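> From first to last, the protein sequence lines are chains A and B. For any residue, its number in this note's numbering is found by taking its place in the first sequence, counting from 1, and adding 265. For any residue, its number in this note's numbering is found by taking its place in the second sequence, counting from 1, and adding 37.
If you're looking for bench data, these hints aren't it; they were derived computationally from the structure. Only a predicted model underlies this, so the values are computations on that prediction, with no experimental measurement involved. Note that the Cβ used here is the ideal one computed from N, Cα and C, for glycine as well. There may be inaccurate statements among the hints.
As the list claims (entries may be wrong) - Ranges between beta-carbon positions, derived for each pair:
1) B:F96 - A:V395: 33 to 39 Å
2) B:L79 - A:M1014: 28 to 34 Å
3) A:V650 - B:K148: 42 to 48 Å
4) B:E107 - A:D878: 52 to 58 Å
5) A:L1012 - B:E107: 19 to 25 Å
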Amino acid sequence: MLEINRIPREMYPVFEEAGLPIDRIRIAMRLDMDADAVRCDHWLLVTDEEMVLLSGIRLIRPRRHRPGRTPHLTVVYQHLNDRRYPLSGCTRLSVEDLIGTSRLIASYENEDVLLSYLTASCRNNASRLVKCMEFVLRGEEIPEHLQKRDRAVCPKCGTPYPDPHRRVCPACSGKGKLIRRMLPFIMRYKFAVLLTLLTLILSSGLSVLSPYISSGFYYDQVLDEAGEFYGQLLLVIGIIAAVRVLSLLVNLLTGVISSSLSARIVYDLKKTIFSSIQRLSLSFFTNRQTGGLMTQVNGDANSIYWFFVDGLPYLLVNLTQCIAILIIMFTMQVSLTAVSMCVVPVVAMTFLALMRRMRKYHAKRYARRRSMNATLSDSLTGIRVVKAFAKEEAETERFNQRSRALADIEQKTSLFHNIAFPAASFILSLSSLIVWAFGGWMVIQGQLSYGLLLTFVSYVGMIYSPINFFVDMIYTATDCLNAMQRLFEVMDMTPDVKESDSPTPLPECRGEVCFENVSFSYEKNRKIIDGVSFTVAPGQMLGIVGHTGAGKSTLANLLIRLYDAGEGCIRIDGIDVRDLAFSDLRRHVAIVSQETYLFSGTVLENIRYARPDATYEEVLRAAHIAGAHDFISRMPDGYDTKVGFGHQDLSGGERQRISIARAVLRDPQILILDEATAAMDTETERKIQAAIERLTENRTTIVIAHRLSTLRNADRLIVIENGKMPESGTHAELIRQKGLYYKLYMLQMEALKSAGIQA
Amino acid sequence: METSNDFSLALPYLTPACATFSERNGFLSLHLSDGAQQQEGLLQDYPRVLLHRSFPFEFAEAYISVLDPEQKEIGMIREISLFPEEQAQALRRELARRYYAPKIVRIHQVKERFGFSHWRVSTEEGPLSFTLKDTYRSLLRISDTRLLVTDVNGNRYEIPDTEALPRRDFRRIELYL
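The shape of chain B in the complex, shown without the other chains (with noise of 0.2 Å):
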């Protein structure tokens, strides 16, 4: 039962000069130099960290949160390019693992039954059918045009732009926006 009264004013960044990350048994690891260890209570090697984005909607790559397998906070990344080239690439592929979220191209059909709706798309990933409870409840509106879609198992995918989706398509969802 520790209390948290180390709450410091300033955010802990990490920064390419203390932290190198690398990728290990599939993980993304952290390394901290011997100088970074600024915080009580953090340890020199990661083997498995968590990446977070702190505002997912609006910066892909800028202020990610860099968590411990038991989600504490070790350290926030300002902008992912700061880092070196090959670290960068390790970051945002752990980065497209954890959010993974199809992106859908083509709506082929919506079908209401019942409450649910069953939709038949194309992904850039290929086609997909799933399923949606409470449709308008389901569809997330990032922006005007931006949608996050999660289905009753809790996959999510994405509509980056409805006005790019053919016109016969955005119509079959226009109802619900």
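One chain only, chain A, in its complex shape (with noise of 0.2 Å):
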């Protein structure tokens, strides 16, 4: 029996007496709804013959509860109805998504019937029951892949991860574990790391020594008449001087050394989260936003850097620091000591409650400033727009709200930090009023000197800033093990592509493709393409004709392997693309796509990118047979132009000239160009095609195109709809088959004969 939910001990009975004992079980799926969407518990079950629809509501009753122990649950299925489907006549189940739900449909012969709906959660399990069911109704053994689960599963604990896609378990990730393995990369500077922290614990301890010496030690031992050192002021003076240079020098140096580190570090981290990234398939950055991106690049390494350099060696200072007043205070006086302590949660919970305000505050600025910076960035991106409609003022009045909003989250955030902590600050000076009273009550009893005293006053006020240090802590560690957590995640995911370990060199490419009964799916159920197959012999020259969105990129993108075949295979002169090291591949396969994207920097650059190494005189070549030479010629700077984010506006036309180039200059021996024309008008598009074909000779080209007059002079043609490719041949074979190519090129003459044009 397959359970691709398992079946809980009670539903055994309830399963028996529907007549449906567990041996005749051959599937059982557990739904969330039923078939009027409502939510129960809901389980579906294929025998040999049927498929049965078991509705019920399970019920969570706590036994009798016996004082002192803990209450014990029972779980009973109430059973309300079952229907019944018959295997024979159907003929497949599908799921259909709908908005908010989906929907579980069995199809027969002539009509299609809905079984149940489900929501989201159950969306994979049910798509699994289909696939399952494809064979079961064939009767067919369910093969051995579809048996196993393939949930996403922590591999330690068993949980199945919230997301499938980000492998995070939250039960299992660890901080301890986390920062363990974030060490190796404070290690590298280990020298640095404790000389830093060495200076910081001397720096530490001279502070705690020296209200010792400058307060109690200087009452009671230097002014006292009683006192050892009574009238050498200026010894005392002179430690006590000495003491504050010693420790002023120990923090410039702590300062220079840790500002060095920290640049050092959080530039190691950057280049690390950089190139993770860099590593990745182009699937990685499809699925998530490219802002989003930037700010993991540098606000991860930056909070890291912060816990790291600013956070952890603080954190171990203070502590010290702390467990050290606390020492020095007990072996000095432990009533006073004991009082003093009373203090100390105060001074803890009413840090809390400003942090926890101020946080809420900060959170709320940083989400109005972005929503303004989006309005602002928004309307001038489009104020072609904004002119045409002549929504001028409609749009500042939209800037001015944000603006505004903005402006008085800053007021209310400013206005408390001016009275919240001014307040704060008197009610801890406050608490140091208990010392100051019962202290002085026992220096009347004569139980305390009055050096003594001031000693604890000036200790208590230094436990002040490690509670704080210890409150702002516990946030933003929680930012920094996030930002790591997020580091790790990067750094651990494996490319989807990744080349081979022992690829097959290819020093010379003759420039014959071939593909195998290829498909591909981006998403799991959904092929994008199914199953096709062609060959194109070196030199030749083959066109792809098909609707937007049929797939015909997606096999140029298959080639030059940004994605890799589900099934089939591609091969470049025999070889499987997968074999190849991608040093060869790039450097026989060159492609100019339909999105064409110009690095800033200047022209020759851009042009450059795709061999550093290229002369002169190659570019102007190049430019010129890519139809780029005229255009950069008429530009005051010339091949020197600075193009780009923020500099000269190119056309589209013009900047895929520009990517022509770059591909002509790298001079493979097969070329890709998809779509590459469209932007430029007719007559250019001639002039261009026409030195291109000069120039592949003897290469292979792939032509993707939309208007059939780009394709002339393709030796063959295929035809792709829907993923699949349901024709090829030569513009004559496939004009006589009357097919889709034909249509399309009906539609295509008729435009130009009814603009009055003969082609």
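Mind docking these for me? Both chains are given alone in their own frames, and the hints should help you get the complex.
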């Protein structure tokens, strides 16, 4: 039996009662809704003859509670009704996704029947059921790989991941483990870290020592007639000064070391994060927003750095300082120490309350600033539209609104800051009055010297800042742990497209491309490419035709391995592309895609991106072939014109010509043009095509195009429709077939005719 | 490969005179009267149609697009209440099933761990717990007080009025708004 969901014990008698002994059940699955989309506990059981839907409610009742014992829960399943559907005549099961729910449908020969609704939590199980049922309905055994659970489960504790794409188990990711894994990063700078720690401990030791000498010792031993050092003012002042100078020097040293250390660690971290991200396959980037990635690189590096450079060392220092102060105080006077310590919880609570409030204000301010910036960039980027619809005033008002909201919260924040913190420190000073009062009483009683009381008061004052620090640490440490978690996640992620460990070398390429029964899907259930096979002989030109979204560009992406084919295989010169080294593959195959991107830099740098060692003459030649030379020469700075973000704006056609020049410079054996000339007028396109044709003699070219006129010279054409390849052949053959290509051709011809042009 | 040059200027509205809805095999089905098949390519009977709100956040019962199982639009319903009561009820039931989103009335706990937030809530249909990834982006603000929550699996929940939540509960989510 295949239990897609495990059948709990208490269900056995229920199934039995419904005439379904466990040994008759082939597949069991729990659904969380019924046929009216009402939540309930619902089982779908498949036997050899029928599908049974048992509806019911799972009641959880506490057993009679005996005092002192943990209450036991009994689960009772109340069976409400069942519906039965025969397997004979059923052709398939399918899941239809709605907005908030999905539904399971059984198709019979001439009608469809609704089995049940389900929520998104059951969605994965349902598609597994559908796949299994394909085999059951055909009377075959369910294959091995479907028998196993494919759910992403934490290998350690067995709980499913909250998000199967993000393998983080909230139960198992220990904080200690994260920190331990982070340590090697820091340990690269062992010496500097140790030195910082040492100086920090030294400076905290000195700061603990100084009130002892300057208040208690000074009054009792120097100013008091009974003191050992009575009258030796200069000596003692000298000592005090020396201690201060020493601690200043130590502090300076700490500053010098930690500032260089911190810069290096942040640099290191950013480098690691950036290279981990670059290493990943394209699918990682298409799933996330680029903005999120940039904050990840910047923000995460900073918060991790904070934890290790400003956080952990100071935590240690503050901890030792606290303990040292406590020990000194206890050895001096026990009862007064005990009284002073009463203050600590009050202080801690005050800080905690302040912090919580402050963080809320900060979060709000951050959110409002973000929304204001979004509005600003929105209306500035869209300024053409704003002007076209005369919406300047409305935009100003929109901006003002956001800006006012931000100003509001800024004002509240600083008001809170200016009132709450003085008030808090007043409360704190009140609490130190307790020490004054109790200590003063002890001095009068003669149990304590005046100097000792002064020492005490300054120590109590010194305890506030560590407490403040600990409270602050609670919050910032959480941020940092999250950042570390994200960092390790990216580092642990394995790219979907991996380079072979022992690649087959391909120094010279003839240029034969062969797709063998290739299938591919971005998501599990939707095939984008479905069983496509074709061969391009060396030096041939292949045209790929089809509707938008038919999967033409995906074919190109598979060839250059931005993604890997799920089934089938792609060969270049008879070698599977997965066995080629990335460097060989990219050297022999170049693509000019419909998305042209120019990096910020000069035109020259952009063309040379493909081959940084190309000579100036080669660049000129490539630009000439790509039809880019003319417009580049017309710009005042020629090939040294700055383009890209924030510079000269080029038109779509101009960008395309620069990217073609880039590919031409690469001089590949196989050239893919993916709608590379779509943004140009037909005349320019013709010229460039003629030039490329001369260039691509003896080279394999794959041209993907919408306009059939682009493909005039193709040796062979293939038509892609919904991921399949229904037609292939030469232009004449396809016209004779009177299929999809013929239709498309006629439509475009008609359009030309109606415009009065004879093609 | 058919080109869609059949864009007519007027939206085809389905009226009680030309369209009859009923429930069959658990699906909503549509029958068009003879005169209603003005458009080419329309059938007389659709055993299974889908309803799609054009303005899900503004109008729950108006401007509802009626689609065939291939998501191609058959026509548009201007207002559900224009249809006879029995049909209107069937339409409402179908919409409720399609746009299922339990309404959250209490928020007992929101716990943030490693970028996920774990929620324990009470809804109109009883207690539920779920997990969000990237809390800030999982909360869609429909208006200043109305929220749509989407969890890791893609389940949707609605908070119809944040101000109607108990003060303590509101504080738990205040940070994300």
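> Can you give the numbers of the hints that this structure goes against, from lowest to highest?
The structure breaks none of the hints.
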